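Which chain is which? The protein sequence lines are A and U, in order.
Numbering (the numbering used here) for the first sequence: 1 to 322.
Numbering (the numbering used here) for the second sequence: 1 to 359.
If you're looking for bench data, these hints aren't it; they were derived computationally from the structure.
The reader is advised that the hints may include incorrect statements.
Stated by the list, open to error - The following residues of chain A were derived to be distant from chain U, with all beta-carbon distances above 12 Å:
(1) 34
(2) 52
(3) 53
(4) 54
(5) 68
(6) 143
(7) 201
(8) 229
(9) 242
What the hints assert, rightly or not - DSS-like mimics (lysine-lysine), calculated; alpha carbons at most 30 Å apart, straight line:
(10) A:224 to A:118
(11) A:118 to A:256
(12) A:70 to U:117
(13) A:256 to U:358
(14) U:117 to A:215
Said to hold, decoys possible - The following label-pair restraints were derived from C-beta to C-beta distances:
(15) A:321 to U:38: 23 to 29 Å
(16) U:38 to A:244: 40 to 46 Å
(17) U:351 to A:66: 31 to 37 Å
All figures in this text were calculated on a predicted structure; none of them were measured in a lab.
Each residue gets a CB set at the ideal place from its N, CA and C atoms; glycine is no exception.
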Amino acid sequence: MAVESTNQPTAIPRYPQWQPAHTVVSTFVGSKVSPPAPQPAMGFFTDTSLCIGCKACEVACKQWNQLRAKDPAWTGTSYDNTESLSAIAWRHVQFIEQISPTPLPPPLPLFDRVAAAKSDGLIPETPPGTALPFFNSERWLMRSDVCKHCANAPCHEACPTGAIIRTEYDTVYVQQDICNGCGYCVVACPFGVIARDDYGTLTARKCTLCYDRMKDGMEPACAKVCPTDSIQYGEVEQLKARARERLGFLHAQGVKEAQLYGVDDNILDGGLNSFFLLLDEPEVYNLPADPPRPVNNVAPASFWTIVTAAILGLFTILFFRE
Amino acid sequence: MQETRLPAPVEASLAAIRNSLTSPELIEQLATLATGYTPEPERELEEPTYYDYPVLKEPTWHWEIIWYFFFGGLAAGCYVIATVASLFGSKEDRATVRAGYYLSLLALLPCPPLLIKDLGRPERFLHMLRVFKVKSPMSMGTWGLVTFSLFSGVMAVLQAAHDGLFGDWWGPRFLKALPRNLIALPGTFAGLFLGSYTGVLLAATSVPLWSRSKLLGALFATSATSTSTALISLALRIFGAPASALHKLERLEWVALLLEMTWLFRFLRGSNRAGRALAGSGPGEQGPAFWNLVVGGGMLLPWLLSTLSLFQRTKTRNGRGLLVSLFVLTGGYFLRRTIVKAGHTSSRNARVTLWNAKR
């Protein structure tokens, strides 16, 4: 079905025409098209408390973005055979089985002694997050992982070609015709999201937040297909408000272990435009709690380098002078 | 054919040395001592991760980058030493200047092809010059390399003109009339940058080993100095040079190695648990090569040998000098190799990555 475009293509200005001084350079090099008008920042809110592990997001993402399949292999790590995000997997559903070896049940007291048994701990407290008193805390966590579209994206800061840009929707996008596959973004990303497609384009690839669909006013394929609205798409500020509201609701319901990741925690000095509601510590989901921002190392590393160069330079001059 | 056999005690002691050099126990002890982190396997196993799948993506950098780091450091160091020798040195340092400028260009030549080959799309290497991005060390490095190439090339040509390699006509005469030191001076800054930015580049990543201590730039700067001093003195010893010129280089080598060992120790201390990828003996950890070839053979041994040379005022110690140069050059190469390879190991380790992100 053809979808009508909501954004008119930007008109290409005719030349010659009067230019302000700072744009004269770009008359000769660089873009001749004025940038698209800024839009509100868009992002994902992935609520893992709603995820049922159906992997519809993985499939929809692969289909829409025409990402090839990886060689099928049984990993033995629960229902997860995708393993991690990669150049050809931009959504990845994790399955975390928190199932402990069954402990021996406590000897059941007589019913008239239940109250006493509860008070002296013979009957354990109902564990948090358990809707019914099943006397165990076993659970199966699922989470659909995706690019975080960081407010200060390390891949974007590292990119030496300008291939990685922020779009008018404040998302992080890799221009495939510019990227030369240097691999610096791959080691810059603290979440292991962006990867070089070594068996395909040989360029860095990752989630685009379905930039092409956004341009046409549609929501990203994964959010569209998610049957439980575990993946929600919208304006970042509205989504963050919704995430806080959801967290309050879950806490009120007794799900005390619920926590937000990337909303108010100022990860990478600015938070994430694609954030999560988690039901355990971030590490359980392989998420770094508070990753250092790579670009922050440039100044201290340069400082010690300059100190060293000065010391060695002085010694060199000293030795050659005499 | 009969096997040549050494006397039994010699055989035994050689075997003992061989065994102790590769003994995991010794390497573990050294790693614990240097990093200040004692591994606790039981507690580490209790840390949560997602099936131990790596948190980070493995670097795409392999042997091309290792050789580039090595040659880039040599090119930069040789240029800077040659320029300082030309500015501050005396007559007998002319050989140092000559060797420095020629070797600088020679070491620089393989750099661009190595870097271009390493790209996913080598035909797009010029895209690096689309932007000038101060906060991206790779962008700055590209511009630094371009700038340095210009100076290194020009100075090698000027040196060749002075050496009469182009004959004697108006062209070389014009080149000889140019103010050599004035032209060389700005290149020194490009050289200082090129010799050390690679360490800053690695430090500005998410790989725990490379980034945690923030000292790789300083370490690479000292290594560039020690390896290029070794290369110049190697050339001087082969082609002949005054003993006083060699003596200056020996002293520089001694200081550079001392500073290098200091930074390496600070680097491992600062890396703590992340440093084990470089110093430890576990799977993928680079301990054996690191302690034997980098620390032992590449720094301690040549440093002790040059300490001896500095205190002995004998004229003929060419053999020992050659040995020092070869040890330092091998050590400098393996320093980069083990650091890059250990970076791969570090990026695969989910537990260390998650530990590194806790503040």
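Hint check:
Residue-level check passed: residue 34 of chain A sits 19 Å from the nearest beta carbon of chain U, beyond 12 Å. Distance check on residue 52 of chain A: its Cβ is at least 18 Å (rounded) from any Cβ of chain U, clearing the 12 Å threshold; non-interface status holds. Non-interface status of residue 53 of chain A relative to chain U is upheld: no Cβ of that chain comes within 12 Å, the nearest being about 14 Å off. The beta carbon of residue 54 of chain A sits about 19 Å from the closest Cβ of chain U, which is more than 12 Å, so the claim that it is off the interface holds.
Listed as outside the interface, residue 68 of chain A is consistent with that label: its C-beta sits roughly 17 Å from the nearest C-beta of chain U, beyond the 12 Å cut-off. With a least beta-carbon separation of about 9 Å from chain U, residue 143 of chain A fails to lie farther than 12 Å from that chain, contradicting its non-interface assignment. With a minimum CB-CB distance of about 8 Å to chain U, residue 201 of chain A fails to clear the 12 Å threshold, and the non-interface call is violated. No Cβ of chain U approaches the Cβ of residue 229 of chain A within 12 Å, the least distance being about 24 Å, so the stated non-interface status holds.
Remark: the non-interface label on residue 242 of chain A is consistent with the geometry, its nearest Cβ contact in chain U lying 26 Å away (cut-off 12 Å). Straight-line distance between C-alpha atoms of residue 224 of chain A and residue 118 of chain A comes to about 47 Å, which puts the hinted pair past the 30 Å bound. Restraint check: the Cα-Cα separation between residue 118 of chain A and residue 256 of chain A comes to about 21 Å, which is no more than 30 Å; the hinted pair holds. Proposed proximity of residue 70 of chain A and residue 117 of chain U is supported: the alpha carbons are some 26 Å apart, at most 30 Å.
Distance check on the hinted pair: residue 256 of chain A and residue 358 of chain U sit about 22 Å apart at the alpha-carbon level, within 30 Å; holds. Taking the CA atoms of residue 117 of chain U and residue 215 of chain A, the gap is near 36 Å; set against the 30 Å cutoff, the hint is violated. At about 47 Å, the beta-carbon gap between residue 321 of chain A and residue 38 of chain U misses the expected band of 23 to 29 Å. The beta-carbon spacing between residue 38 of chain U and residue 244 of chain A, approximately 42 Å, falls within the hinted interval of 40 to 46 Å.
Between residue 351 of chain U and residue 66 of chain A the CB atoms are about 36 Å apart, so this pair conforms to the stated range of 31 to 37 Å.
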